[in-house]
Amino acid sequence: MEVFVQQVFNGIMLGSTYAVVAVGLTLVFGILHIPNFAHGHFYMLGAYLTFFLVTSWKIDFWPALVLSAVLLALLGVLVERIVFRPMRDQPHVNAFISAIGTLMFLEAFVMVVWGPQGHRIPNPYPETVNLLGVVTTQQRLLVIAAAVVLIVLLHLFIKKTVMGATIEAVAQNREGAMLVGINVDRVSSVTFAVSAATAAIAASMVAPIFMVSPTMGALLGMKAFIVVILGGLGSVPGAIVGGYILGIVEALGGGYISADYKDVFAFGALILILAIKPTGLFGKEVG
Amino acid sequence: MRRGQFFREKWPYLILLVFALAVPALFPSRYVLQVITMSCVFAIATLGLNLILGYTGQVSLAHAGFFAIGAYGVAMMTKAGLSFWLALPLSALLAAAVSFFVGLPTLRTRGSYFAIATLCFGVIVSIVAGSWFSLTGGHTGIVGIPLPNAIPFPLVGEIGFHSKAAQYYLVLGFLLLTLFVMHRLVNSVQGLSFVAVRNNEVLAGAVGINAFATKLLSFVIASFFAGIAGGIYASLMRSVSPDVASINLMFNWVVYLLLGGAGTLAGPVVGTLAISALTESLQFLAEYNLLVFGALLVAAMVYCPRGLVGLVEAGGKKVRVYYRRQVGVRSDLEG
Amino acid sequence: MILRVERLTRRFGGLLAVNEVSFHVEKGEILAIIGPNGAGKTTVFNLISGLLHPTSGQIYLEGVPIAGLRPHQIARKGIARTFQTTALFNQLRVIDNLVVAHKLRTTHGLLDTLFRTRRWRADREKSLARAVEVLEFVGLREKALHPVSTLSQEEQKRLAIGVALATEPKIVLLDEPTAGLIQDETDGIMTLIKKLKAAGVTVCVIEHKMRLIMDLAERIIVLNYGNKIAEGTPEEISRNDAVVQAYLGGEYAA
Ligand SMILES: Nc1ncnc2c1ncn2[C@@H]1O[C@H](COP(=O)(O)OP(=O)(O)OP(=O)(O)O)[C@@H](O)[C@H]1O
Ligand SMILES: [Mg+2]
Chain A
1 MEVFVQQVFN GIMLGSTYAV VAVGLTLVFG ILHIPNFAHG HFYMLGAYLT
51 FFLVTSWKID FWPALVLSAV LLALLGVLVE RIVFRPMRDQ PHVNAFISAI
101 GTLMFLEAFV MVVWGPQGHR IPNPYPETVN LLGVVTTQQR LLVIAAAVVL
151 IVLLHLFIKK TVMGATIEAV AQNREGAMLV GINVDRVSSV TFAVSAATAA
201 IAASMVAPIF MVSPTMGALL GMKAFIVVIL GGLGSVPGAI VGGYILGIVE
251 ALGGGYISAD YKDVFAFGAL ILILAIKPTG LFGKEVG
Chain B
1 MRRGQFFREK WPYLILLVFA LAVPALFPSR YVLQVITMSC VFAIATLGLN
51 LILGYTGQVS LAHAGFFAIG AYGVAMMTKA GLSFWLALPL SALLAAAVSF
101 FVGLPTLRTR GSYFAIATLC FGVIVSIVAG SWFSLTGGHT GIVGIPLPNA
151 IPFPLVGEIG FHSKAAQYYL VLGFLLLTLF VMHRLVNSVQ GLSFVAVRNN
201 EVLAGAVGIN AFATKLLSFV IASFFAGIAG GIYASLMRSV SPDVASINLM
251 FNWVVYLLLG GAGTLAGPVV GTLAISALTE SLQFLAEYNL LVFGALLVAA
301 MVYCPRGLVG LVEAGGKKVR VYYRRQVGVR SDLEG
Chain C
1 MILRVERLTR RFGGLLAVNE VSFHVEKGEI LAIIGPNGAG KTTVFNLISG
51 LLHPTSGQIY LEGVPIAGLR PHQIARKGIA RTFQTTALFN QLRVIDNLVV
101 AHKLRTTHGL LDTLFRTRRW RADREKSLAR AVEVLEFVGL REKALHPVST
151 LSQEEQKRLA IGVALATEPK IVLLDEPTAG LIQDETDGIM TLIKKLKAAG
201 VTVCVIEHKM RLIMDLAERI IVLNYGNKIA EGTPEEISRN DAVVQAYLGG
251 EYAA
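Residue numbers (the numbering used here), protein chains in the order written: chain A, 1 to 287; chain B, 1 to 335; chain C, 1 to 254.
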């Protein structure tokens with residue numbers, strides 16, 4: 001029983017990361033209809049920037065995290081402008097291939113600058129806590145709390161701000177939004193900025209627990225896509241619930257069945273579900 | 001077609017062929033020849049990818065998975081004592097059979113969904129290759145794979161594959177065979193139906209083309225050639241590891257294909273050879289290799305989605321129009 | 001009677017796009033379907049051609065029920081169609097559009113293609129011959145080797161009809177073949193449709209321009225809000241009060 005609770009707790013922590021990253025992706029993929037396959041690499045780069053700021057510039061963890069998020073937001077805007085905007089009227093697969101180019105570039109960039117080996121960010125809150133019989137560290141609890149805060153903030157942003165409302169309008173009807181004078185370019189930029197920044201925050205939060213490495217983004221990016229497709233394109237609640245479910249399933253599968261094959265379950269499940277419902281569980285279609 | 005006409009039209013290809021046959025003489029360095037040989041192996045894989053991605057318009061990211069199935073298939077079968085010449089077609093057929101069952105569910109999806117579903121399959125293959133120790137040797141993989149068996153020839157004796165030159169000719173033979181098959185496929189109604197499905201699936205259905213079956217056929221043939229390439233790779237490298245299923249390998253092929261020109265026959269070959277040559281000759285780039293690739297891929301998608309061959313064709317068209325005017329148009333529906 | 005549609009119904013959520021519509025098409029005739037925007041005309045074609053499945057009702061081709069089949073199966077059974085927004089394989093040459101559209105009448109398989117067997121060659125000759133015949137019929141013979149993108153609007157509409165004919169259909173469904181064309185071009189297409197009839201092809205055509213329909217169609221059916229509100233000869237239709245109210249009184253009076 002204790003092991004079970006411990007695994008569920010680990011799953012929730014993993015799921016927090018998945019949820020936040022998937023929400024960022026669902027904004028871009030589901031709402032702007034851009035299959036940003038490099039999203040996991042934004043996450044990876046965010047972790048590296050925090051690592052760099054903390055270890056080389058000796059900045060404290062929290063300011064480093066904020067700075068990393070800001071830098072990633074800028075990068076998001078840049079990538080949208082250079083890579084994805086020219087693809088807007090082209091077949092969907094072209095944007096997908098551009099995204100592959102982007103992720104190759106980002107991964108190679110990190111390789112060149114920081115080398116292929118993993119690095120560790122000094123854990124700012126390493127003290128262990130005993131929470132209802134689950135032994136954990138403060139940092140792990142922080143990951144979970146930060147995810148909740150971030151999700152609430154994103155929700156408020158979409159529901160309560162003008163920009164958020166605009167994004168929703170574009171999501172529902174791009175042509176219509178253009179007709180009423182909404183600047184689609186600006187909406188795209190802002191969405192990318194928000195999406196990349198949240199990925200950076202999620203990455204920076206878990207970076208002190210796991211290692212940072214150039215390949216950490218690839219698998220996570222795929223999982224985020226799985227969550228988004230299963231949770232329903234463009235659905236923020238779907239991405240959140242899907243993220244937590246994937247995290248818990250993975251932790252339990254890894255703990256009880258096989259650590260080696262834990263990802264096989266997630267990926268296999270996606271193929272099976274798409275076989276039954278080609279547009280995803282709650283899917284509306286995007287070309 | 002009369003013989004004279006044949007030579008008049010095909011002479012550039014004959015020159016290329018002579019050049020290809022002379023490669024071992026032109027590049028005596030074992031290392032260089034090895035690099036060229038391996039590029040040709042990858043060109044076979046890229047030609048396969050071209051069929052599904054270029055002609056049929058479906059971004060299959062499972063290609064490295066099928067390459068791996070071919071590679072592990074040949075590795076296991078030849079180590080078990082089977083002849084390479086039997087193991088290779090069997091492994092390729094295995095890759096094709098697996099792709100049939102992977103295609104059934106995944107080809108029901110479209111666009112990015114298909115890309116992601118197939119990528120999931122590719123990752124599953126690489127995880128299984130790394131984890132199923134008793135079958136695949138885990139992360140170390142399988143070593144000591146025999147070279148292709150020598151072919152007995154009357155009079156000449158046996159042709160073995162110990163020399164780099166012989167290995168090169170072996171791969172060249174398979175590359176030409178692949179090109180031949182692709183040429184026949186593409187220059188036929190079957191090939192037109194691949195493009196028709198890519199171009200407009202609804203219209204394709206309205207004129208009686210079963211888009212799903214067409215995509216499945218293209219996917220299976222593509223995977224068959226991925227399997228062939230993988231099998232040859234295993235036998236010539238003498239070892240396989242889960243790296244043969246890696247996403248990066250496949251992303252390289254995507255780069256070769258897109259920069260060379262997807263949906264053309266020359267594109268994948270030109271792309272593979274040119275980019276391999278470029279990365280080899282710019283050794284100082286080695287570290288920045290993928291950095292440059294990534295940027296080039298994006299630039300290609302933005303500025304010339306039809307790749308190198310597309311660029312050359314666009315230039316060539318002007319020349320041809322001029323030429324036609326001089327010679328007079330010959331109406332040929334034989335195309 | 002080639003085509004018979006019985007109590008055909010299609011719902012989109014709360015919207016009844018087609019409601020219990022029945023009609024039939026006789027061999028060799030031109031039947032026109034008219035009706036205001038959103039009346040459900042294109043939806044009827046989509047249902048017949050298998051792009052959509054009916055909520056209820058049945059469609060018979062030469063007495064055989066075909067509702068529920070997929071588009072490519074229906075095309076093989078002999079129903080060809082064009083689309084309201086001209087659909088062509090614009091990445092192929094003109095002649096290849098027709099050759100690929102004739103594929104459904106060929107029997108060769110993958111191995112025939114690889115080995116270029118006699119069957120493959122025979123099929124190829126047949127397809128090319130059909131393609132050339134169709135090109136001549138629609139008046140695009142000299143454009144055979146051009147890319148689709150170099151064709152004018154009207155030529156593209158002709159080619160789209162040609163693509164339908166290349167499938168050797170028993171009946172062709174034309175969805176607003178003159179949409180977006182100017183007067184002269186429209187006349188050209190009309191002449192082509194008459195030529196179709198003269199060649200014995202059965203045609204079912206959706207058309208907005210009343211004037212054209214009047215001297216083209218043997219019979220007309222009128223749809224409004226998914227319902228069939230009238231059926232008859234052109235004269236009967238032009239004298240029908242319901243039609244005049246729903247349709248002729250509107251912006252489309254010609
Ligand atoms: N796939 C669909 N999903 C939802 N609603 C649809 C779909 N196709 C058509 N409709 C609706 O069904 C109704 C009938 O549309 P349809 O296209 O058949 O009209 P139409 O008679 O062809 O009009 P037009 O003259 O403008 O071409 C319209 O209200 C349309 O919005
Ligand atoms: Mg219509």
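These are computed hints drawn from the structure, not numbers from a lab.
Don't take every hint at face value.
To be verified - Computed footprint of chain B on chain A, listed as stretches where at least three residues anywhere in the stretch have a Cβ under 8 Å from a Cβ of chain B:
hint	region
1	73-86
2	172-180
3	218-225
4	231-238
5	266-276
Stated by the list, open to error - Taking CB as the label site, the calculated pair distances span:
hint	chain 1	residue 1	chain 2	residue 2	range
6	C	Phe115	B	Lys10	16 to 22 Å
7	A	Met163	C	Leu145	36 to 42 Å
8	A	Glu175	C	Asn227	48 to 54 Å
9	A	Arg120	B	Val312	27 to 33 Å
10	B	Ser281	A	Pro116	42 to 48 Å
11	B	Ala299	C	Phe115	47 to 53 Å
12	B	Gly157	C	Arg141	55 to 61 Å
13	C	Gly38	B	Tyr288	53 to 59 Å
C-beta atoms are modelled at their ideal positions from N, C-alpha and C, and glycine is treated no differently.
Verdict on chain B covering the region 231-238 of chain A, where coverage means 3 or more residues with a C-beta closer than 8 Å: violated (count 0)
Is it true that the C-beta distance of methionine 163 of chain A to leucine 145 of chain C lies inside 36 to 42 Å, as the hint says? violated (53 Å)
Does the Cβ pair alanine 299 of chain B, phenylalanine 115 of chain C satisfy 47 to 53 Å? Since alanine 299 of chain B and phenylalanine 115 of chain C have Cβ atoms about 41 Å apart, the given range 47 to 53 Å is violated.
Taking beta carbons only, do three or more residues of the region 218-225 of chain A come closer than 8 Å to chain B? Three-residue rule met by the region 218-225 of chain A, so holds; n is 4.
Is 16 to 22 Å a correct range for the gap between the Cβ atoms of phenylalanine 115 of chain C and lysine 10 of chain B? Hint holds: Cβ distance 20 Å, inside 16 to 22 Å.
Can you tell me whether the CB distance of glycine 38 of chain C to tyrosine 288 of chain B sits inside 53 to 59 Å? holds (58 Å)
Glutamate 175 of chain A versus asparagine 227 of chain C beta-carbon gap, inside 48 to 54 Å or not: violated (30 Å)
Can you confirm whether chain B covers the region 73-86 of chain A, using C-beta to C-beta distances below 8 Å and requiring at least three such residues? holds (count 3)
Between the region 266-276 of chain A and chain B, are there enough contacts, at least three residues with CB-CB distance under 8 Å, for the coverage claim to hold? holds (count 7)
Could you say whether the range 55 to 61 Å given as a hint is met by the Cβ separation of glycine 157 of chain B and arginine 141 of chain C? With a Cβ separation near 60 Å, glycine 157 of chain B and arginine 141 of chain C satisfy 55 to 61 Å, so the hint holds.
Hint says 42 to 48 Å; check whether the CB-CB distance for serine 281 of chain B and proline 116 of chain A agrees. violated (24 Å)
Evaluate the given range 27 to 33 Å for the C-beta pair formed by arginine 120 of chain A and valine 312 of chain B. At 50 Å between Cβs, range violated.
Against the hints set out earlier in the document, violations occur for numbers 2, 4, 7, 8, 9, 10, 11.
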